Structure formats: structure tokens, C-alpha cells
Amino acid sequence: MTEGMEHGFAARPERAAIVGIQETSENGVARVQITLTYSDGEYSGEAEGSASVSARPRIVGEATLRAVEAVTAGRLRLTLDAIATTDLGESRVAMAQVGLMGSNEPLVGSALVQTSDSATATVKAVLDALNRRMAQVLS
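For the sequence shown, my numbering begins at 129 and goes up steadily by one.
The set of hints was computed from the structure by calculation and includes no laboratory data. Owing to the predicted nature of the structure, the values given are computational and were not obtained by experimental measurement. Beta carbons are placed, not taken as given, at the ideal position from N, Cα and C, and that holds for glycine. A couple of the hints might just be wrong.
Stated by the list, open to error - Label pairs and their computed distance ranges (CB to CB):
| no. | residue 1 | residue 2 | range |
| --- | --- | --- | --- |
| 1 | Val-181 | Ser-238 | 17 to 27 Å |
| 2 | Arg-260 | Ala-210 | 29 to 39 Å |
| 3 | Asp-168 | Gly-217 | 19 to 29 Å |
| 4 | Glu-218 | Val-157 | 33 to 43 Å |
| 5 | Val-157 | Gly-217 | 16 to 26 Å |
Construct all of the structure, not just a fragment, from the sequences and the given hints.
See below:
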């Protein structure tokens, strides 16, 4: 059997996991801090913007990108090109399109919204878009 292979499938690389999502709002400004864990370390990213409900997914997405940049020690420079939540059949889905500076290839991810927790689904959609690229950079 090839090293790194089990039952004919490549071993999955370690992935960043969500530790916490902290949101505060004051004087019409929302602040979000996303904390991720990767390889026994914790990494945080922050973003702020309008406290309006429609701006919340973008702020969560931007904070997630800052956390991913911390995980990769700045080796990935990222932009949030689009973020949305939509109905898909019986389910609600968060979707993210991430840009990687220096590349024209859009990175796209999605995640199911569980029990109306769109913030967690937004973080998961951003991570879904970036997991393979993170693995390449961190290996």
C-alpha cells in the first residue's frame, strides 16, 4: 500500500476547525472575531462593519479570511468576492467565493445552515472554499 493511502484513498490532510465566533455591536458597528484551531494552535481574525443584518455575513466572512491568513502566516492573501445564503430545495445553504491574490481562479465553498446558525455556516463555507489551498500551502 502506498504511504499516505488507506484503502485506496489518500489520507485527508488536517483542516482548520472553528473554536469560536464572537460578535459584538455598538453604535451601529458590528465586530466579529473568528477563532480557528490548526495543528495545536489557535488563530484569530477580526472584521467590522455595519451592524445591519444584511452586512453580517460579509463581516463573518472577512473575519474568517483574516483567521485563515493567520493560520498560514500570511502565505495566503485573500479577498471575499461574494457571500450569500440561499434556499436550496428543503435546505438553507451558505456560499462563499474567495479570491486569492495573484490568481484568477475563484475558490468556491458551501455549507448547510443548521438550526438558523448562519454565522457558523458562513465560516464553514469560507473554509470549504479554502481547505485544499490551505493544505497545499501548509504542507
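Do the hints match the structure? See the list:
1. Val-181 with Ser-238: 17 to 27 Å: Given about 21 Å between the Cβ atoms, the range holds.
2. Arg-260 with Ala-210: 29 to 39 Å: Given about 19 Å between the Cβ atoms, the range is violated.
3. Asp-168 with Gly-217: 19 to 29 Å: violated, 39 Å
4. Glu-218 with Val-157: 33 to 43 Å: holds, 36 Å
5. Val-157 with Gly-217: 16 to 26 Å: Given range 16 to 26 Å: violated, Cβ gap about 36 Å.
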